[in-house]
Amino acid sequence: MHSAYGIPISWYLTLSAILFCVGLFGMMIRRSAIGMLLSIELMLNAANINLVAFGSYLKMPTIAGQVFAIFVITLAAAEAAVGLAIVINIYRLEQHIDADKISAMKG
Amino acid sequence: MNILGFTITGYQIAFVVLAGLTVAAAIMTVLLPNILRAALFLGLTLFGTAGLYVLLNAPFLAAVQVMIYVGAITTMIILAIFLSHRVMKIGFFQAIYNPVLAAGAAGVMFLFLFITVANSQWLKAMAAKGPAKTNIGVEAIARALLQPYVFPFELASVILLAVLVGAVVIAKEDTEGA
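Going line by line, the protein sequences match chains U and D. Just so we're aligned: 47 in the numbering used here is position 47 of the first sequence, and the numbers increase by one with no gaps anywhere. Just so we're aligned: 43 in the numbering used here is position 43 of the second sequence, and the numbers increase by one with no gaps anywhere.
The set of hints was computed from the structure by calculation and includes no laboratory data. Any given hint could be a false lead.
To be verified - Subject to a maximum C-alpha distance of 25 angstroms in a straight line, what follows is the list of computed SDA-like cross-link-like pairs (lysine to any residue):
| hint | chain 1 | residue 1 | chain 2 | residue 2 |
| --- | --- | --- | --- | --- |
| 1 | D | Lys-172 | U | Ile-86 |
| 2 | D | Lys-172 | D | Ile-68 |
| 3 | D | Lys-172 | U | Glu-94 |
Stated by the list, open to error - Here are the computed distance ranges between Cβ atoms for each label pair:
| hint | chain 1 | residue 1 | chain 2 | residue 2 | range |
| --- | --- | --- | --- | --- | --- |
| 4 | U | Thr-62 | D | Val-100 | 39 to 45 angstroms |
| 5 | U | Val-72 | D | Thr-116 | 16 to 22 angstroms |
| 6 | D | Phe-114 | U | Arg-92 | 41 to 47 angstroms |
| 7 | U | Arg-92 | D | Leu-161 | 37 to 43 angstroms |
| 8 | D | Arg-143 | U | Glu-94 | 47 to 53 angstroms |
Beta carbons: idealized from backbone N, C-alpha and C, even for Gly.
Bound-form chain U, shown alone (with noise of 0.2 angstroms):
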């Protein structure tokens, strides 16, 4: 059966799965701190698009799904403020914000 778009959920879910593991994949394999955190925005995009995909394809078609979209947003560009003003702090520091590298922590 058909869906009145004719786009079925699983193609969207498919969709975000693919962009997770993408995001997954550049958390891997990046060094600097900023890549690292190029790819958090990419895995919790893929989330919204689940959430939001769920929302409206629910029998009966809820706003959650948006509303949680929203505060995963607002969370992310809370997240990025912080982890920006870090990375900065450490550049400040040790003059470069290689992962693997950052000892300031360390005991």
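Since the structure of chain U is already known, use the hints to place chain D on it.
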């Protein structure tokens, strides 16, 4: 449109185009060694996602996505790159860890997710109808935020305030020597 017995709707074409754009930009985001270009491609990914939100009947969310993600977060990341990177000097294999291992792990994760999506029964039961055509407007979102979700809404406000102060404190240059 009818191709090889399959009926193809304009929505499907729009979805495939937007999804292709989004995934391609995402792959560029993680693979480009130049972090500044990667950040610009992240902006493109987020823009494509905004298009998908429009397809999902969430125009307000699409606007929020463009304003906050594409407008604010990408700009912030690019500014941080300007403040902290010697952008042009990094070669690909100096900039990354072992890509084969990472690709393997991400591939396994994707297989797992895909099998879950493909096999779930409740999904088939739920997905029959497609996004409802009821236009969920800004008013409904405002009501939802201020009535059932007012507590997380206020919590988000507090978190934003804390983050604002925290980011300023962390990023501020230590002028007093303390």
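Checked against the structure, which of the hints given earlier come out wrong? Violated hint (a single one): 7; every other hint is consistent with the structure.
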